[in-house]
Structure formats: C-alpha cells, structure tokens
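A.B. asks: Read off the chains here:
There are 2 protein chains.
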Amino acid sequence: MADWEANVRRVVPYTPGEQPKRNDIIKLNTNECPYPPAPGVAKALLEFEADKLRLYPDPAALELREAIAAAVSIPEHPVAADQVFVGVGSDDVLALAFLTFFNSKKPILFPDITYSFYDVWADLYGIPYRTPELDERFRLKKADYLTENGGIIFPNPNAPTGLMENLDTIEEIVAKNPDSVVIVDEAYVDFGGVSALPLVDKYENLLIVQTFSKSRALAGMRIGFAIGQKKLISYLNDVKFSFNSYTMNRLTIACGKACVEDRGYFQEITGKIVATREWTKQKLAELGFTFPDSKANFIFATHKTVPAQELFENLKTAGIYVRYFKKPRIDNYLRITVGTQAEMERLVEVLAELVK
Amino acid sequence: MADWEANVRRVVPYTPGEQPKRNDIIKLNTNECPYPPAPGVAKALLEFEADKLRLYPDPAALELREAIAAAVSIPEHPVAADQVFVGVGSDDVLALAFLTFFNSKKPILFPDITYSFYDVWADLYGIPYRTPELDERFRLKKADYLTENGGIIFPNPNAPTGLMENLDTIEEIVAKNPDSVVIVDEAYVDFGGVSALPLVDKYENLLIVQTFSKSRALAGMRIGFAIGQKKLISYLNDVKFSFNSYTMNRLTIACGKACVEDRGYFQEITGKIVATREWTKQKLAELGFTFPDSKANFIFATHKTVPAQELFENLKTAGIYVRYFKKPRIDNYLRITVGTQAEMERLVEVLAELVK
Chain V
1301 MADWEANVRR VVPYTPGEQP KRNDIIKLNT NECPYPPAPG VAKALLEFEA
1351 DKLRLYPDPA ALELREAIAA AVSIPEHPVA ADQVFVGVGS DDVLALAFLT
1401 FFNSKKPILF PDITYSFYDV WADLYGIPYR TPELDERFRL KKADYLTENG
1451 GIIFPNPNAP TGLMENLDTI EEIVAKNPDS VVIVDEAYVD FGGVSALPLV
1501 DKYENLLIVQ TFSKSRALAG MRIGFAIGQK KLISYLNDVK FSFNSYTMNR
1551 LTIACGKACV EDRGYFQEIT GKIVATREWT KQKLAELGFT FPDSKANFIF
1601 ATHKTVPAQE LFENLKTAGI YVRYFKKPRI DNYLRITVGT QAEMERLVEV
1651 LAELVK
Chain Z
1301 MADWEANVRR VVPYTPGEQP KRNDIIKLNT NECPYPPAPG VAKALLEFEA
1351 DKLRLYPDPA ALELREAIAA AVSIPEHPVA ADQVFVGVGS DDVLALAFLT
1401 FFNSKKPILF PDITYSFYDV WADLYGIPYR TPELDERFRL KKADYLTENG
1451 GIIFPNPNAP TGLMENLDTI EEIVAKNPDS VVIVDEAYVD FGGVSALPLV
1501 DKYENLLIVQ TFSKSRALAG MRIGFAIGQK KLISYLNDVK FSFNSYTMNR
1551 LTIACGKACV EDRGYFQEIT GKIVATREWT KQKLAELGFT FPDSKANFIF
1601 ATHKTVPAQE LFENLKTAGI YVRYFKKPRI DNYLRITVGT QAEMERLVEV
1651 LAELVK
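So the sequence lines, in the order shown, correspond to chains V and Z. Heads up: take any position in the first sequence, counting from 1, add 1300, and you land on our numbering. Heads up: take any position in the second sequence, counting from 1, add 1300, and you land on our numbering.
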C-alpha cells in the first residue's frame, strides 16, 4: 500500500440494480415507471434554449421548489416553497439528510430489512446504527423505535417488501422521539399509500422524502425532494450549500417543473400501475407465490417450491430482469417491479412455465 | 432550541456569486463563459427522446467519461476512461475528493487566498487545515507545502488571483508528499494555463480536477471531472457510490459528450476569451488599475485611488455585476470575469467614468 493510501476513506459502496445496455429486455429490476414522463417534459425540452446552459442555474432551484410545493399541498395542509428541499434524486437528499441530522453518538435506527443504502450512508459518515428486526410478517415493531436513538429512518411503504405502516404508528414514533429527527422515506407512497405530509405542520422533527424517479417517471432526470418545517429545511440547506451549491441543472429545473405540474397525467399513470399490480398479485397467487400486500410499484414474492435465485436466473435468460437480494431472511424472494400490463402478462406467462 | 437540534450539524455555508434574475445586466461575477455551448449541445438536446427519462441513467456515465478521456488525451499521455471521475460540477467532485482523500488527523494545506469553498468543505467534514500565506505578490511559497500535512489542494491558476504556478513547482510538491493526495484544481486552466495532466502517469497521489462550467460554456449543466491514476479514481468512485449512485442525468451525459467532442469550437471560444482578456488588461492598466498577470477567464484588479467596494457598488448601479470579496488582504480588489469584447468595452467605458 502506498503511503498516501493511509488517509483514504475506505467504504463498501451501495450496489445499484443492473442497468443493462440491451433494449430488448423487460426491465422489472429497478422500480422505474413503465410509462413515459408527462407530455410537458418533452415540450419543456423542445422549448429549452441551449444557449442558456452557459450560465449557472438558480442555486435555490426556486421554480422547481414552488412547483413541488403546489403539487403536494392540500387545502388543509398547504406546503410553502421554503419547506421544500430538492436534490439529485432522493439518494442525494437522503445522503445530505444523514449528514445533517444524524450527528450524534447514539445509534440511529432503521429496520433490518429495508432500503440497502441506509447502512452504506451510516458507514460512510461513521454514524452508529442499530437495525431492529421486522416481525415474521415483515411488520415494523413500534416498540423498537421508542428506545434511545440518534435518529430514525424507514421507508413507507417499506422496500423491498412494499408494506405500508399506518399513520398512527408513524405519528407515535415521531411524537415520542422529540430529540431525534425522524425521516420517512416515501419513495413509493404514490401507488396507493398514505403520506405522512399532514403531520409536518405538527412535528418539527419530521422529514418526508419523496422522488420523481418512480411515480413521476423521471428516474433519468434525477430529482428527489424533502418536505419539513422551515427550520428543519434550512439546516438541510446549510449543509447542502456547504457541499455543492449548484446541484439542480437548468434542464432539470425546467423539466421537473413541467412534470410535477401535470397532476392529471400523474394520477393516470399511477392508477394504471396500481391496477396492473393488483392484477399481477392475483396471477402470482394462482401460480403458488405468496407476498406481502404491497402498496408500492413492486411485488416482493416467494414461491412455495421453486427457489427465488433459480427463478431470478431463469427469468434473466428469458429476457426478464427482476431484483434478487442474497441477504438473510429475504434470500428466497424476488422484488418484481410493476411494468405495463403487457409486460406483466408476459412475466406471468414465463413464470407459469418456470414453476410448473 | 428543540431537543432534536442538538444532533444537527451546524455549518456556515459557501456563498455563491449572485445569480440575478434580470437579463438586462452585464454579468461578470461568476466566471461563466460569454459564448454559448458548442452547437452539438443544442443538437443533442433536440435529438434527445424525452421518453427515455423514465429510466435511470448509466450510474458510471461511461459515454461521458470516454468522451472526456479522448478530449484530454495527448499522444504522449493518453488518458483512459477509468482514469476519469465525473460529478455534478467540479464542486461535487471536490466535495467527494475531500471526503475520500483528506481523512487524516493532520491538517490539510491550501493558500490563505484561494477558492473560498475549501475551508467550507474542511469545516463540513471536520478536517483540520492550515492556510499558508501567499507572498505579497500572491505567489505560492513552495516551502510551505513541504511540511507535514494530511493532504494538499490549490487551484492552478489560482482563484481569485488568476496566477499560474509552473509545472516544476507543482511536480516538486507532488513528489515530496508521497503520503498525501495532492489535488490541483484546474477550473481555469484552459485560458492559456498549463495543465499538470502529463504528471498523472508518474504520480499516483496526484488528482487533477477540471470543469465544464468555464471554458466549455456549460455552467448550467453541472459537469466537473477529475483525472488520476486508476487506483486513485477507484477510491473516489467507492465513496461516490456510497453517497449517490446516479448523479449524472441522461441529458447531462448526452449534452456533455456532445460538448467535449467539439475541440474546434472549444479552441475558438477560449482563444477569443484570452484575446479579450489581454485587451482588457491593457485598458485597465491605462485607467490606473494593477492586477496579477491572470491566465484565467477573469482579472483580479485594484485601483490606485478608488476603493474596490465603491467601484463594485457603482458598477452594479450601472448594470455591470463583478465579484467583490470583503476578506483580509483582498478587500481592495475586484474579480472581473472576461466577457465578450463588447461587454468589456462597455466595462472599460463605465470604469473610465468611475475612476476619473
């Protein structure tokens, strides 16, 4: 080892799902939206003047934050632009939120089965953590989150299970942890889940994180956001402006704004995905699969006789990519993104052969 | 203070230059390029299929890294794609490089007068640092960088002075610090400077950072990159993939590639900026200004009688934005970005009145 290597931070990075270069596959492995982004995005692109790219973007991305605030506001719970933080995908938002809010010597808490980036961020920053076990039905045990901690984070619906915890449970966790920031990662909330957004007015230690990558069909554009009370958001902004001032580029701001403004299209595509998910659940059950009752755009399924890893490999051979995690307790499950109805019909057809 | 605030990381963020929403000003305050990006960028935008934005981008941004490698390679010193790291502007690259390489208890070193983000990153991560004084002519004193340290960083040309250190000085600093990573921040190297890229083959502890925001006219797109030996780059990638896997969006990859491939246009616009800079220097000297001999796309100028802050305010009133730093040793200087020839003629005209 060279001398300079002694000072290098060594980490085991997160492994993203495969992004195959082939176009002839059915891609159900990274929870993307099977439908194109709102038509306004193509229009925004077409109307964008390339010459403007010579100038820095607005570091505050105000237009985008205003559009997001308007989109998530409901009459009883309006959200202001200064309650919105934006980042380069929700991973950027979460990475900065860990750095900002989980700055204690006490362990942070997140479930043993959850988004596999949480422990990576904790390791990167040297944040201690504990991972309370979900119960045998993959449910969060509330009592685990009422013990001393330096912060709490969980997705709702959870990934990769798709299970939704109810708002009462979340409110109790937030209310009983006044000395911790509680982050609810709602990447998958728009597929029939219930957002904790109405709790934001009441709790200054609650941060909600959402993304444009799933329900808004813009994974390729990299936009995530967080909502919280002004003070919480201002701390996050201070850290962000100490890391990188200009993260949202001019095209991202223009396209993100156009995307989030089209509420009708958003409801149309999320509605279609939910319908296809429910259809797929029924077919998978008929084929001998069981799965938690997902409220997300994926189904986490296990088969009564055929091992998940074998199905994973055989599906890949058949040109269908799904996600398989070789991890304790979930190594006999497949996480299958809900694609178009036609894609799911093809999946069911291939699975019917594979489990015969 | 609420209980949860005890765990919050408190920082004093970097203050970027003003990005006024008005279009009727002459903007010489953030070192942007006065010319539009290469024509291929508009073409890439026009040809881009918006539907593809539903899918995640290539997390490795391989096409962009290959294009950058080709653009910076010279026959005697070829650069491979796995020697290139890309980020959301060079600030993202630098923020991650600080986190990756400056992980020692010893202080890192950078000049007292330099890019004002370095101390912000050091504070953010809790990295100790020392800031050796530049000499009275704003020259780096080599001996200061041959003392014990946990890492070294400086821009070359330096900001905001524009002064270029020669390659022999840089090589000696790199060679005599085998147990530190030395980062040479070459944001402004393309305006007549000499890059340290040829030293990369020889020193595995040398990281060169460059940007698309100045000489490549893409500040609004957010692209920066680093070049080093494979091993150094792989450490940086590990930390990057522990922070945010997908940073470069699909449009950034497509437009960045088109931009960097047009070598002729790049030479044309940097050549024009250098010519305008030299013309401006002569005119400023005639008006009683003095300045270091900038090799960057800005001039760091002080007037023999009129205070810089007064000029700064009066220029703003006249619709010309330049940068003023209220900091020790440089609070009587203006940093003036080199704009188009017409913009600089207008600047000189207004300054002639202001210093009369």
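Please keep in mind that the hints were generated in silico from the structure rather than gathered at the bench. Check each hint, because a few of them may be wrong.
No copy labels: a pair is met if it fits in one copy or bridges any two.
Unchecked claim - As a list, the in silico BS3-like pairs of lysine-lysine whose alpha-carbon atoms are at most 27 Å apart:
{"hint": "1", "residue 1": "1352", "residue 2": "1476"}
{"hint": "2", "residue 1": "1406", "residue 2": "1343"}
{"hint": "3", "residue 1": "1321", "residue 2": "1530"}
{"hint": "4", "residue 1": "1583", "residue 2": "1530"}
{"hint": "5", "residue 1": "1352", "residue 2": "1616"}
{"hint": "6", "residue 1": "1442", "residue 2": "1352"}
{"hint": "7", "residue 1": "1441", "residue 2": "1502"}
{"hint": "8", "residue 1": "1406", "residue 2": "1572"}
{"hint": "9", "residue 1": "1656", "residue 2": "1476"}
{"hint": "10", "residue 1": "1343", "residue 2": "1627"}
{"hint": "11", "residue 1": "1352", "residue 2": "1595"}
Everything numeric in this text was worked out from a predicted model, so none of it was measured.
A.B. asks: Quick check: which numbered hints come out false for this structure?
C.D. replies: 1, 2, 4, 6, 8, 9 and 10
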